Structure formats: C-alpha cells, structure tokens
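**Q** Since the structure of chain A is already known, use the hints to place chain B on it.
Protein chains: 2
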Amino acid sequence: MASDLDFYFDFTSPYGYFAAMRIDALAAKYRRAVKWHPILLGVVFKRSGMAPLTTIPMKGGYSLRDFARTARFHGIPYQQPAAFPIATQAAARATLWLQNTVGDSEAIAFAKAVYQAYFADGVDIGEPANLLRIASGLGVDGAALMEGISSPAIKDQLKNEIEQAMLRDVFGSPFIIVEGEPFWGFDRFDQLEAFLKNGTILD
Amino acid sequence: MASDLDFYFDFTSPYGYFAAMRIDALAAKYRRAVKWHPILLGVVFKRSGMAPLTTIPMKGGYSLRDFARTARFHGIPYQQPAAFPIATQAAARATLWLQNTVGDSEAIAFAKAVYQAYFADGVDIGEPANLLRIASGLGVDGAALMEGISSPAIKDQLKNEIEQAMLRDVFGSPFIIVEGEPFWGFDRFDQLEAFLKNGTILD
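Order-wise, the sequence lines are chains A and B. Quick note: our numbering has the first sequence finishing at residue 203, numbered continuously throughout. Quick note: our numbering has the second sequence finishing at residue 203, numbered continuously throughout.
Keep in mind that the hints are not guaranteed to be accurate.
Repeated chains share a single entry, so a pair holds when one copy, or any two copies, can fit it.
[Claimed, not checked] Using 27 Å as the maximum straight-line C-alpha spacing, the simulated DSSO-like pairs for lysine-lysine come out as follows:
no., residue 1, residue 2
1, Lys59, Lys35
2, Lys35, Lys112
3, Lys59, Lys197
4, Lys197, Lys159
5, Lys46, Lys29
6, Lys155, Lys197
7, Lys29, Lys159
8, Lys59, Lys29
9, Lys46, Lys197
Keep in mind the hints are simulated off the structure, nothing from the lab. Quick caveat: nothing in here was measured; it's all calculated off a predicted structure.
Pulled out of the complex, with its shape left as it was, chain A reads as follows (with noise of 0.2 Å):
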C-alpha cells in the first residue's frame, strides 16, 4: 500500500472542516489512508508573523463570504460559528487521547463530529462539556475523556505534534503532505487528487 496522508488541521478552520468531510473519500479512491493530525494555529501563527483571515482589513469580510460560499458551491451544510475563531486546545487534544487509548477511526470519527458540531450546528466545541457529549455519542467514556485532555501528558504531546508540523514547514490549515510533497487549503484538493492519481503533477 502507497504511503499515508498526513492531514493537518485545526478545528476552529473552516476550509479545514471542509478538507475534514472530503479527505478520507478521497484518499480511499486512490487506496491511501490518512494520518489526522490536530494542530493549533495560534502557535503556528506566533512563528509565521500570519493572523486570523477575519481579522484582516478588507480580506476579512471577503473571508467570510467565502467561507458560506464554498460551503455551497461543494455541497457541504455550513453556519458561520457566532464564535468565530475560537480556542481549539480542548478538542486537539481529545482527538489525540482518543487516538492513544481508543483507536484511530474513532478518532476520526470524533473529530468529524466536532467539525459538523461547530460548523454546521452551532455548538460551542471551545466548551469542553460538548466535546464530553459529543464523546459519548459515540461511545466514549466521557469522564475518562475529560481526565485525558487535562493530563500534563497530553498537553506536552499536542505541543510535540505543532513543533513537528512546524519542521515540515505546515504554516496553514488544511495541509496535507503525502510522499513529501505539500497541499495547502481545500482548494488544492484538484492538485492533491492530480497528484494520488498519477504520482505526479503533470507537464
């Protein structure tokens, strides 16, 4: 089987939720797995000198606007979040506890879940009593959950994981690097899908 996808993200991103709903059809068409990788831009942001896309004179209205409309032209429920960016520690790092004690797909699956929670449904996921209920939707033991994302342990590997993307130079959500080759937002989802599918952007 042909390398992994690593797929990075931070849940307060909307083009990132976009990638989140999209990526694992996509990389199953071209027999791939993919690799979640949550990560806070705030830290990111910190190194690279960048800021938040509402927050820019004049590009941050546009932002907005091109959020819901790419949301529509793709087909995907989108709600602009009355909290909007937002802290995403909480839920970075239950994804990973998930990842350690449950299993990978129902990280995934949770992570999607939360994504659809703020997104599209209007639930606060900086609050970590929702995560706790979304948790438990799907089966998790909540109160060890809730334990899990406060431990010094999580919290030193989350930071782990951001200095690690930083290294490969991951300075946006979403990023995607399979076989060393880097895919920046969910409009390069052409290129990304170009590349899985012939090993190579074409001439």
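**A** This is chain B only, laid out in the frame that chain A set:
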C-alpha cells in the same frame, strides 16, 4: 449584454498572470467583457498589513513551489523570475496610458505580453526599456509611451485607481468583481465560472 468583469491585478503576481492568461476566454464564453485594472499590491498591503507571499516564514518556500506547480497543472508556461517580487509602477502606468490614448484591446495585449515576458521569458519588466521594447513589438509609439508614463497625470491616475479598488475591498491579485460578487485568486475561477453560468453559486 450582461455587466463586465472588473479584473484587478499586479504585474508581479504569479496568480495574476495565470488569471490574465485565462480570463478573457472565460468571460467570452459567457458573453462578457473584461475591464483590466492594474494595481500595486505594495500600496494595498500597507493598508491590510499583509506581506508578499515569498517573504512569509514557512509559507515562502511553499509559495514558490505552488507557483510552478499550479502553472504545470493548468498548462501555462512558467519560469520563476530571478528578481521577485518587483516594483511594477511603470508597467501599471503604461497599461493605463494605453487605455487612455490607444485603446482597451491594445492595453490588454500589452498587459498579457508584459506578464508573459516576466513569468515565461525571464525579462525584467521593472526596467522601462523592456516595456518600451514590448510596446514597440505591438506597434505602439515607444517614445510617446515613455513620456506618458512619467507624466504626473498618469501617476495620479494610478494612485486614484488603487484607492478606488481598495474602496471595493480589493486586497489581492487576481481579484475579480462582477455584479457586486467578489472573487479572489485564480483558484476561485471555478466558482467565478459557476456564477457566470448560473447567476449564483447554487445551493
């Protein structure tokens, strides 16, 4: 006939170049005309706080790779210019002068030739002598052009055009506005085409 497309671009923008190679054909397919508006990203970035892509930590190297890869993906000749990004006042003023004194179609032919010289043929378009040569090749009076682009009137006109663009929240290149709907980036040409075809980005 339906409204024209307003097409904003900076001559040092690779994605602006890709858009320039494709926008007239796209518009013609839906019986639209295109108004070409040269702008200067340096002026726009002062207001937005944004920076040239290749100067951003981590993102810089990716951007260079994405320019070349996007060109290959779309079958557009591309060679990363040795001097990049550059100041493009002279090229922008020359385009305006051609619009004023010769005609829109000549100005568009000139703009396309300038883009190709810079991004496909390794010509330094920051150098007025090279602009003169390009213009002469299109049958334009080079001496008149050189005089025209150093006039205070054309300098004021460019400043004013950029100010007008920023009043419409044009924050990047390429940027297209049609019937009030804004599209930023060559990677939004799919949504732009859907809009031209259907009058909306359909649900």
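**Q** Hints the structure violates: just list their numbers, smallest first.
**A** Structure breaks hints 4, 5, 6, 7, 8, 9.
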